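> Using the sequences and the accompanying hints, generate a full structural model.
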Amino acid sequence: MPATFRVGVVTFPGSLDDRDAARAVRAAGAEAVSLWHGDATLHGVDAVVLPGGFSYGDYLRAGAIARFSPVVAEIVAAANDGLPVLGICNGFQVLCESGLLPGALIRNAGLHFVCRDQRLRVECTTTRWTSHYAVGDEIVIPVKHGEGRYVADAATIDELERDARVVFRYLGGNPNGALNDIAGIRNAAGNVVGLMPHPEHAIEALTGPSIDGLPMFASVIDALVAV
Amino acid sequence: MTPTPIDTVEHAEATPDQAQPFAELGLKDDEYARIREILGRRPTDSELAMYSVMWSEHCSYKSSKVHLRQFAEDPPASEAMLVGMGENAGVVDVGDGLAVTFKVESHNHPSYVEPYQGAATGVGGIVRDILTMGARPIAVMDSLRFGDADAPDTKRLVTGVVAGVGGYGNCLGLPNIGGEVGFDPTYRGNPLVNALCVGVLPHERLQLAQAKGPGNKVVLLGALTGRDGIGGVSVLASATFEEEGESKRPSVQVGDPFTEKILIECCLELFDAGLVTGIQDLGGAGLSCATSETASHGDGGMQVDLDKVPLREPSMSPLEVLTSESQERMLAIVEPANVGAVLERCARWGVVSTVIGEVTGSGRLVVKWHGETVVDAPPGSLADDGPVYHRPFVRPDDAQDSLAGDTSARLPRPSNGDELRDALLRLVASPELCSRRWVTEQYDRYVLGGTVLAMPHDSGVVRLGDDSSRGIALSLDGNGRFARLDPHDGAQLALSEAYRNVACVGAQPLAVSDCLNFGSPEDPAVMWQFAEATRGLAEACRVLGTPVTGGNVSFYNQTGATAINPTPVIGVLGVIADVARRIPSGFTAAGQQILLLGDTEDELDGSAWAWVEHHHLGGRPPAVRLAAERGLAAVMTEAATLSMLTAAHDLSEGGLAQALVEACLVGGIGATVQIPGDPFVALFSETAARAIVATHDVDAVLALAAKHHVAASVVGQTGRQGLSVDGLFTVDLDELREQSEGTLPALFG
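Keeping their order, the protein sequence lines are chains A and B. With my numbering applied, the first sequence covers 1 to 227. With my numbering applied, the second sequence covers 228 to 976.
The hints are simulated quantities; they were obtained by calculation from the structure and are not laboratory data. Where hints are given, some of them may not hold.
Said to hold, decoys possible - One-sided and incomplete, this derived list gives chain B residues near chain A with beta-carbon spacing under 7 Å:
1) CYS398
2) PHE485
3) PHE620
4) PRO623
5) GLU668
6) THR678
7) GLY692
8) SER696
To be verified - Straight-line alpha carbon distances no greater than 20 Å define the calculated SDA-like cross-link-like pairs of lysine to any residue that follow:
9) B:LYS382 to A:VAL225
10) B:LYS382 to A:ALA189
11) B:LYS382 to A:LEU111
12) B:LYS444 to B:GLY311
13) B:LYS289 to B:ALA752
14) B:LYS292 to B:GLY311
Given the structure is predicted, the values throughout are model-derived calculations rather than measurements. Just so you know, even glycine gets a beta-carbon here, dropped at the ideal spot from N, CA and C.
Printed below as a string of structure tokens:
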């Protein structure tokens, strides 16, 4: 087992929460490795976080340009080989655009950007990123987005529900009109998770509404130990 | 399209008598004459355009300068000031080798024309001012004022401005940590959009806007230059200059936060690598301002090849290039040996960078266009030696006296528990005092991971680094009604409130940035308001020991003969050694004692109660109590250090009643209070220098208050399902929340 696991955090031009994601990785005990959007290499990291923000300005459609970046091509290939990947907010949008996760994230139903401390229910703990939670846990994690309304065709939604691939669900008010109150989902293998809420903003009582986001980063370290 | 002949210096010398449209550009006869005298000939079209924008009210502060001097000439003693007024923003030492720079600026007129872009570029502009000092921007705040909430045009402005502030700040990755929103009929045609940015820098990274070292290169960074924003600071887009008959372009700039985000990251890399010797942002008056100011404050000379400026529209004339206010641009001064490294780092970030000229020792700003000289002027004459007006100011005795005589004493007051309860609920639900959540939920307050407190707390508090416990606190406050009743005292009360808010979170107030929003300086009555407000502010800053580090003046906020309420908006910066000891504004635990600090007088003139319940504005504003504010602040900062308080909330608009409601709603914990004396006065008076605190150690708080000569008494206890005033009334928390939070969504959806 390596002394410290190395978790990559991607910076696109327009990434905003990359520092926060790196801070969360360090808080969980791993080393944060900065990955540059233009480099077609993952520098041998053990897992990757795609952080929040507005990659390349997101003027076309959130995540639509980022999916064509050299680093995302590497991430897609590695994820298909089992690399743990977490997409937060814009990262979730990139994962959907790149086909690692199904569905899409569209403009919030209320048409406003929404920043609030959001209650969530943990629905699935078999992923690389959620083993430190229990199914049914209620947690509080900030959401902050203008395009976070998860949608997919009926067959996809049925499949996600049937296969327990919904990982987090909004509680106490759906901030964006997402179908089935879906806040986060996983791929079939459970190594790729995408969610709209920001666990990196809930790792310390002083700066967040809770420390409920920290287990996500601790979970992946456990998963890496298990490998 | 026939190319317009370019007016060169040579041509100007040959045609001394050619008529020039100086009046259309806003220049007076004597100003035009002075330009001819400075140059020893008539100005070229480009020079005339540059003087007109640089000598505009916005850039030259020609009407306000004589009054603003008070802030610089006799500032309060402060060891914290590193850079004072005159630079892009003041810089304050906060310890640990760190400095903080902050500034508030208006973008009122553009926001009325085009609310989204006006507000967005207001944020973008102030962020670049902070970046220019060498600082990483770490947070923004906004102070917004609109016409009455149900006026026909208010919804368009509110939704557009809020989306613009949010859209730009959110995309830039800067947390919005607080501010204020107000409504009053006087702002109907003149909304106020004031944006504040704060940044942090290690002392050694401080940058100055100077072009020094002849031979050093002038490098333009960032967005391409287009026709947007031409005329933003003057009346350039006049028919006389539209010889090509092109369609009129909007004089409001268009923002691109993504370009600004990469510009910030790129500039910070350049600063850290020591690759630039001077830097200036391009804001009002664009290249005209950035080149003349850096040259004037440096070695005095610069040559610029204007045709090297990357353009969005290739047909632009030199005059347009010089005055374009296209956003997201910076001007860097770079030693020749570093030019390669600068261009390379910019390319990595995708930031366009172009060498457009060099520093010279000539003492002249020379601008070339395809080899011909279109500008040849002393830069100081543009940047520093503009006109200065001693505008006449006169107190409008009749109007002011009849306003002062019309006090709130004649208004019927609630006289029993039910009436008090009804008044409280109406105030809580009024646009004046209701929850701002609908606004603040549209702003990201979490990004960068340093936000310790944000709205609805008394101040925003940001930790300065992951490995540091040190933080800053900021509050931004104004009260146009008080300033209307008495501009001198109103300005002091705005400062008092911001100062008190900073103290209430446990921080030590250090410095001030001000945004002075007024009507037309050509009206002696408005100029009197301005003179009074600046005099009051300078006096109060001396008493409170908080120097003004910079800010902005916005005149001409008036429609026809009706000016806005004079509205000095004051930002106060404080420092807190350990952010873990900050004091939240909401009750956090049941079973605590609630104390009221400070004396309460019968001061209802200009109050939220008088306005909301009776639409009345008259009388005298509450007395200014600067010594009491200092004492209260001393209690707060010491109590924070000793972790003596679990909550603290200042009393301002709406008085004790509103403060209790907010403390209950923020924390989700109710309270029972016992009111001494006249319950109406106790609940709704707006006497200054007061706060409520919650504690488990009453004796310690009483002793501390006594030490600082602050009156203190127990007025209640936390921990109920509602807010209960003994013997008078009870309101359930859910009902309070519904009243408070329902208003703005219902109005603006």
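> Does each hint fit the structure? Answer for all of them.
Status of each hint after checking the structure:
1. CYS398: holds, 5 Å
2. PHE485: holds, 3 Å
3. PHE620: Status violated, d = 44 Å.
4. PRO623: Violated. Min distance 43 Å.
5. GLU668: holds, 6 Å
6. THR678: Constraint on B:THR678 satisfied, holds at 6 Å.
7. GLY692: violated, 11 Å
8. SER696: violated, 9 Å
9. B:LYS382 to A:VAL225: Outside the cut-off at roughly 55 Å; violated.
10. B:LYS382 to A:ALA189: violated, 49 Å
11. B:LYS382 to A:LEU111: Within the cut-off at roughly 15 Å; holds.
12. B:LYS444 to B:GLY311: violated, 28 Å
13. B:LYS289 to B:ALA752: holds, 18 Å
14. B:LYS292 to B:GLY311: With Cα atoms ~15 Å apart, B:LYS292 and B:GLY311 stay inside 20 Å; holds.
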